[in-house]
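A.B. asks: Here is what each chain is made of, one letter per residue.
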Amino acid sequence: MRIEEHPILGPLEKKTIVKIEVDGHTIDAFEDEPIAAALMAAGISVFRYTRKKGQPRGVFCAIGQCTDCMMTVDGIANVRTCITPVKDGMKIRTQQQSGELRTAEQ
Amino acid sequence: MREIDLAIVGAGPAGLSAAIEAAKAGVEVVVFDENQKAGGQLFKQIHKFFGSKAHQAGVRGIDIANNLLEEVEKSGAEVLLDAVVWGTFKTDTLCVTQNGKNVMFRAKKILLATGATENVLAFPGWTLAGVMGAGAIQTMINVHRVLPGKRVLMIGSGNVGLIVSYQLLQAGAEVKAIVEALPTIGGYAVHASKITRCGVPILTSTTIKQAIGKEKVEKAVLIKLDKNLKQIEGTEQQLNVDVICLAIGLSPLSELAWMAGCEFADVQELGGFLPIHNDDMETTVSGIYVAGDIAGIEEASTAIEEGRLAGIAIAESLGFLNADEAKEKKRSILDRSEQLRAGPFGLSRRQAKEQLIRRSLK
Amino acid sequence: MTLINDGVFDNKELEKLPGVPSKKRLQKGPVVVIECAQKIPCNPCEEACHKKAIKIGDSIIDLPVLNSELCNGCGLCIASCPGQAIFVVDMTYSDTEAAVQLPFEFLPRPEQNEIVDGLNRSGQIVCDAKVLKVLNPKSFDRTAVITIAVPKKFGMEVRNIKLKNGRKNG
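Protein chains in written order, with numbering that gives the first Met the number 0: chain A, 0 to 105; chain B, 0 to 361; chain C, 0 to 169.
A few chain A residues that face chain C, going by a derived Cβ cut-off under 10 Å, partial list only:
no., residue
1, E4
2, H5
3, P6
4, I7
5, G9
Derived from the structure by calculation, the hints contain no laboratory data. Bear in mind that the values here come from a model prediction, so they are computed numbers and not experimental data. From the three backbone atoms N, C-alpha and C, an ideal C-beta is built for every residue, glycine too.
All chains should be built: construct the whole structure from the sequences, respecting the hints.
C.D. replies: Structure, rendered in structure tokens:
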């Protein structure tokens with residue numbers, strides 16, 4: 000949910016809308032906002048499943064300290080989505096465990 | 000390797016205030032911050048600050064932040080963003096990764112103003128999506144303008160828990176309850192009254208027993224505590240919530256001070272394990288200073304004063320301010336800091352700081 | 000329950016505060032009610048008052064003391080309080096009503112003449128309130144001050160409002 004109107008911060012600034020793909024679905028996002036914000040605005044709260052027990056995780060600290068929010072972004076695993084800005088055409092995947100690591104050839 | 004006078008790690012209120020004072024005196028200053036934007040946690044504080052006119056009372060945190068950014072720009076200090084200082088070696092060298100590139104800096108003086116990290120509370124279900132720190136909630140609602148959920152349970156009734164609850168209401172969320180393990184509210188009564196008059200109950204001697212949900216938070220089970228903080232069976236109560244916010248304190252982020260070999264002390268009243276500093280904000284390692292939450296969990300206003308103090312002490316030690324000039328500037332800072340730490344809420348912090356400084360002199 | 004246990008004043012605590020006027024003064028006309036009970040470093044209200052009716056002094060942790068003879072209930076101090084603990088009550092507004100000025104930092108803001116719910120300090124709806132005035136000048140820095148009329152007996156009870164039925168934020 001986006002906060003369109005706010006008593007102190009005022010109306011939401013008009014920003015460029017870009018399209019990103021999350022697990023195959025396309026959603027709108029504001030250019031340069033953190034990936035986690037775009038996902039949260041779209042109602043997505045589970046970002047990955049843990050390595051050992053496959054348990055769901057989402058945002059915890061939102062400032063890049065805890066790594067709970069990691070997802071695979073454009074093929075790169077373990078990206079901290081709370082501090083990584085969105086770019087048009089980004090492909091984001093809910094990460095399963097450690098994600099798939101690229102080989103040197105890829 | 001670039002050589003500079005003063006390297007400041009952290010562009011929050013303490014780091015920026017130090018940069019301004021030092022740069023104004025003529026010191027060559029570079030401030031490093033790992034974020035895309037400077038200002039630290041200040042930009043999330045949309046409420047009006049307390050204190051007196053000298054402390055910018057009545058001004059909103061966001062505006063104080065903007066003022067600091069303007070002043071820093073005018074002062075000539077350089078601010079490098081997206082710059083992670085990940086190590087310090089030989090106590091005068093900093094290893095920085097900026098925009099993916101590794102750079103080293105050698106500085107005559109280093110100020111660590113790296114702030115704090117949130118404490119966690121472990122309970123069954125605490126790892127479910129929807130359980131977040133208070134700082135995370137503030138970041139999402141006040142910086143990114145996104146609501147993480149609609150029905151929030153707040154854990155902790157210190158000023159952070161109370162203020163963030165109010166900010167959640169302003170953002171359009173419902174705060175179902177605030178729970179506090181102790182029998183009395185931790186933060187200012189005025190912050191509490193602002194939300195109780197909106198119908199938000201503050202439940203003291205209560206904690207969370209469990210968070211329930213398949214993948215994300217769907218319910219929370221609350222339970223009452225006896226005077227020994229033991230859960231009282233049979234007093235469980237369920238709340239439908241989709242966000243559980245942990246506001247149970249902060250701890251200094253002091254890895255760099257540890258790496259540099261600074262001596263630490265465990266001071267509960269100031270947030271736990273932190274580097275010892277003297278009345279010039281210098282640690283036990285000559286040339287390394289601290290200011291802000293890393294030197295003790297307090298508030299933005301005290302972080303600003305400590306930053307100024309460190310900036311002036313550093314300028315003095317580098318010869319950019321003479322002893323008299325420095326003494327006068329330090330005097331006004333000490334007066335303002337004393338006022339901020341006055342009264343019953345500040346007492347334990349004031350005493351702890353005095354003790355910390357005494358220890359550094361041994 | 001008391002202020003420190005659940006964030007809500009009980010009436011005895013309130014009456015003792017140096018910022019709360021006497022019942023006698025309340026009956027004379029509009030006057031400020033400063034519901035500030037703890038020694039925290041804070042003094043913008045003292046600075047905001049043009050009549051010098053609020054005194055804190057050099058020790059800024061001291062509670063604000065009201066000189067209710069000097070106060071004319073102008074309400075300029077309301078927006079200055081970072082704790083939003085200041086109200087103006089006029090028990091003489093009409094034969095049956097009291098007027099209350101309160102700080103309000105939410106959206107949507109009500110409109111003049113709108114009927115809203117009057118809430119007490121625990122957030123319970125105790126009466127209807129008619130909105131007399133909504134002030135939100137730049138000098139208040141986004142703390143709006145709303146004047147409402149409530150039945151007289153709620154003059155010292157209503158401290159918040161809620162818009163009726165579906166007029167909500169978000």
